[in-house]
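A.B. asks: Letter by letter, the chains look like this.
There are 2 protein chains.
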Amino acid sequence: MPTRRDLLSMIGKAGGAIAMYQAMTALGHAAETQFTGPPKLSGAPKGKKVLVLGAGLAGLVAAYELRKAGYAVEVLEYQDRPGGRNYSVRGGDKIVEVGGATQTCEFQPGNYLNPGPWRIPHHHRTLLHYCKAFGVELEPFIQLNHNVFVHNSKGFGGKPQRYKELAVDFKGHVSDLLGKSLNAGALDQQVTKEDKEKLVAALREWGLLDGNLSYTSGLLASSQRGYDRAPGGGVNGAPTPSKINSLSDVLTSDIWTHMNFFFNYVMQTTMFQPKGGMDMIGKGFFKQVSDLVRLSTKVTRITQDSKGVTAYWEDIPTGKTGQTTADWCVNTIPLPVLSQLDMQVGAPLKAAMKAVPYSGQVKIGLEMRSRFWEEKYSIYGGHSFTDQAIGLISYPNDKMHKDGPAVLLGAFARDAGGFMLGGMTPAQRIEAALAQGSVFHPEEYRKEFMNGVSVAWSRIPWILGCTSRWSDSARATHYQNLVAMDGRIVLAGEHASYYGGWMEGSLLSALDAIERIHQRATGA
Amino acid sequence: MPTRRDLLSMIGKAGGAIAMYQAMTALGHAAETQFTGPPKLSGAPKGKKVLVLGAGLAGLVAAYELRKAGYAVEVLEYQDRPGGRNYSVRGGDKIVEVGGATQTCEFQPGNYLNPGPWRIPHHHRTLLHYCKAFGVELEPFIQLNHNVFVHNSKGFGGKPQRYKELAVDFKGHVSDLLGKSLNAGALDQQVTKEDKEKLVAALREWGLLDGNLSYTSGLLASSQRGYDRAPGGGVNGAPTPSKINSLSDVLTSDIWTHMNFFFNYVMQTTMFQPKGGMDMIGKGFFKQVSDLVRLSTKVTRITQDSKGVTAYWEDIPTGKTGQTTADWCVNTIPLPVLSQLDMQVGAPLKAAMKAVPYSGQVKIGLEMRSRFWEEKYSIYGGHSFTDQAIGLISYPNDKMHKDGPAVLLGAFARDAGGFMLGGMTPAQRIEAALAQGSVFHPEEYRKEFMNGVSVAWSRIPWILGCTSRWSDSARATHYQNLVAMDGRIVLAGEHASYYGGWMEGSLLSALDAIERIHQRATGA
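Protein sequences appear in the order of chains A and B. Using our numbering, you'd call the opening residue of the first sequence number 1 and step up by one each time. Using our numbering, you'd call the opening residue of the second sequence number 525 and step up by one each time.
Simulated from the structure, these hints should not be mistaken for laboratory data. Do not rely on the hints blindly, as some may be mistaken.
[What the hints assert, rightly or not] Taking lysine to aspartate or glutamate pairs in the EDC-like style, the calculated list, with each CA pair at most 16 Å apart, reads:
no.	chain 1	residue 1	chain 2	residue 2
1	A	LYS399	B	GLU663
2	B	LYS767	A	GLU375
3	A	LYS198	B	ASP922
4	A	LYS196	B	GLU972
5	B	LYS717	A	ASP249
6	A	LYS402	B	ASP719
7	B	LYS656	A	GLU375
8	B	LYS656	A	ASP403
9	B	LYS720	A	ASP249
10	A	LYS193	B	ASP773
11	B	LYS900	A	GLU139
12	A	LYS275	B	ASP922
13	B	LYS799	A	GLU194
14	A	LYS154	B	ASP773
15	B	LYS926	A	GLU139
16	B	LYS722	A	ASP188
17	A	LYS399	B	GLU955
18	A	LYS243	B	GLU556
19	B	LYS678	A	GLU194
20	B	LYS923	A	GLU139
21	A	LYS275	B	GLU663
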């Protein structure tokens, strides 16, 4: 009798990755990922060449796997560095915006800001696979920190509250109300008698309710929300309980939004970041294919016919022009730039490229003299949230317990907040970040501040936005047109995936793109 | 006008640590700890000596601070190593139990089991202070991992479920029921109209409810509980939603117990562990005072009179006896051993020493050939819970993404589970851990197993238990008697604190003990 492993192997050989995937799911494996291992592209025809546009993660992984399969590969990259949005801003780096505003980062050696991707979910198996394969070291990214602050300008007189206090109070009040509702028989139509008894007992435990099913101040609530005086040792060791917030007060906090954030599939712990900065990933990928990549090369036009595809380009430092011809093209240029490029593709793809708006996040790094948030506030990693434009501040996950200087993420502004900060000058952004972030650490924030740098993605010339933001209707109309091969050209990148804004999406889209090129090339 | 900082400093000088503490709280600082910095013991009288019994963390910190204050200090320790319960079992280490059962650990170099303390809360400021001061490097301890398994033999046909699925379903059903209850007017007496509207909106968001305030299967629920087919890239990138569990099924899981566990004040993220093993802390403390410590020394009798306190002891390797006299004694010997010792103290202290039962946890380390839980199950750190005797298995927080062998915590058995495993031979314990842990990883668990080691605390001769377990009534009757100075002797250790079982409790109790000795000594 074949073992389960044999079965999987047989299915794998016979039916390809999707059949394998479905079989794994059926046999009880969690369906954490569409990644089933690097592509096995066997039987590549001789002398065929693939042109890859863009040396972000999608382009780099496409180049790596295509060369491994036997294709000739050439990569053209606009910037003078690989990695695309996978990068880190360090001391000495220059940021030039559309409109000319220029910043030079002043961080101390070893400090950095990850302006693009900054955290890796445990189920992003494609990215984790290549990080391991390419020797990129990872360390935990502290996502859920119960001791951070939550600030809502409409609640608590604008005074930030600790996450744990609001979260424990929210679940306490919810349990209190539902428990009483159940006991009063209000849900007897919906819930069986047996389930009702179990649920009341569950709520009593979950909500820290007292004998009357009430959520009240005392040592029980304090055992989660914290104490006015924490437990200690010796003669005065006894703790003093804290006072719970009323339901009305808790409802001014939007705490459930933040509690839910941590339950988001892509935001759940355990998460990771590369040791030493996010750009370690781009550099790790680049090391594998650096001989195939032409940096500082601006693509000006793309044509194709029945024989091949041609990219016309300009060498940015010298102004020299040239052209590259290949059999196929994997095009990872971000849509805001690509849709302005002269590219010979059909109307459906052109329409799709214009149908996807990009978000305009703004990240700001603030270098602080000391890690005051650790010693004084007991906050190690994680995010303090606010309804101000900056959105949140995030505490560094590296070098915890060490001395400063350290870089705090002073803003991760999205939507209206991103629009607001993106419209400011770099100096105004720093001032806004200091003014708004001071709400959490009023005594230290300006005093410990050394310097800051911002990346307003909508003003970054090589992308003009941060990440694709498919609407459901655009997805229904345009997604398949965007990812379909147009003649000899296929698009890849996070925008060509259901994981918009995630490195995993760019990698999975690139693997899918090259598998389809390989199918065409081999006539399979 | 004095600044807030000046005020605090003035209060600090005038009123001592407690006044400072209360002032900090009143001025809006979170009361995360009773620790306000290392003790400032000035004006120690010349030629006074303190005897410290036990070189666990309480004894070591007492010795360190007393010497700094100017006292002569001598420490007697029963074992041939410092640290007490703060230790790590490594390859080559021997564990001898009451009854004679002996194990020799077979772990590979660099691998270890932390049989005692294993995680450090972010608010245990005393411990964190000394770790920093003594150069003990810390790394994140992954406490809350949404992707671990929860196993309840009474639910889901005994099949483990992912934490995230049950937790999201629980909050979904709770929100669904409370939302409907509120909308039906069942709680109109308890909740104002305005709060009701806000709360219904909050529950809709928190519970991922649909337009009818129902928690149902679909992409919305899947955006937190995970998908049958995760999102991907390219042509087949669309995800497939997962199916939610019914309320009845969720109620068989006790998931709220595990969800609540993570909300426990001392269990909340961010948490830490020392790099390289828990014993790095004991070693770090020891390095400061090693010249004061006499290891392998068994105290046989303690007497005191108006002039001093004397400990009679035996040098274990040679059998030679001796005695040490001092002005005061800080006694950190654990109560199960201390209560059997001939010690000249009053009846209230003797009664207190007998009033505190100790728990009998059992920890088992299983060395596995590979880190299969990472690559195959996407589990990095955290705990999979079960209602079997082992209680949980816990995944290592060090060397993530590396290759094996690695040590899995195969059991953290408490209460009845600890009693059950403690009653077994070491070989039986390993077999039980393999049989029970296999429920989570049936294909790999026995196949990847190399060797194992167990520490059943109730059978460890130098302590005969794991940690103190004060009942509320024993606390009310005996706690102040236990911590009070009895003549020239004062007890310290986690048992002399409100942080039973935590290193923080032992440190805070030791600091309190030496402050009181110093008061006596200086006549303050």
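A.B. asks: Going through the numbered hints above, which ones does this structure break? Give me the numbers in ascending order.
C.D. replies: Hints 2, 3, 4, 6, 11, 13, 14, 16, 17 contradicted; others consistent.
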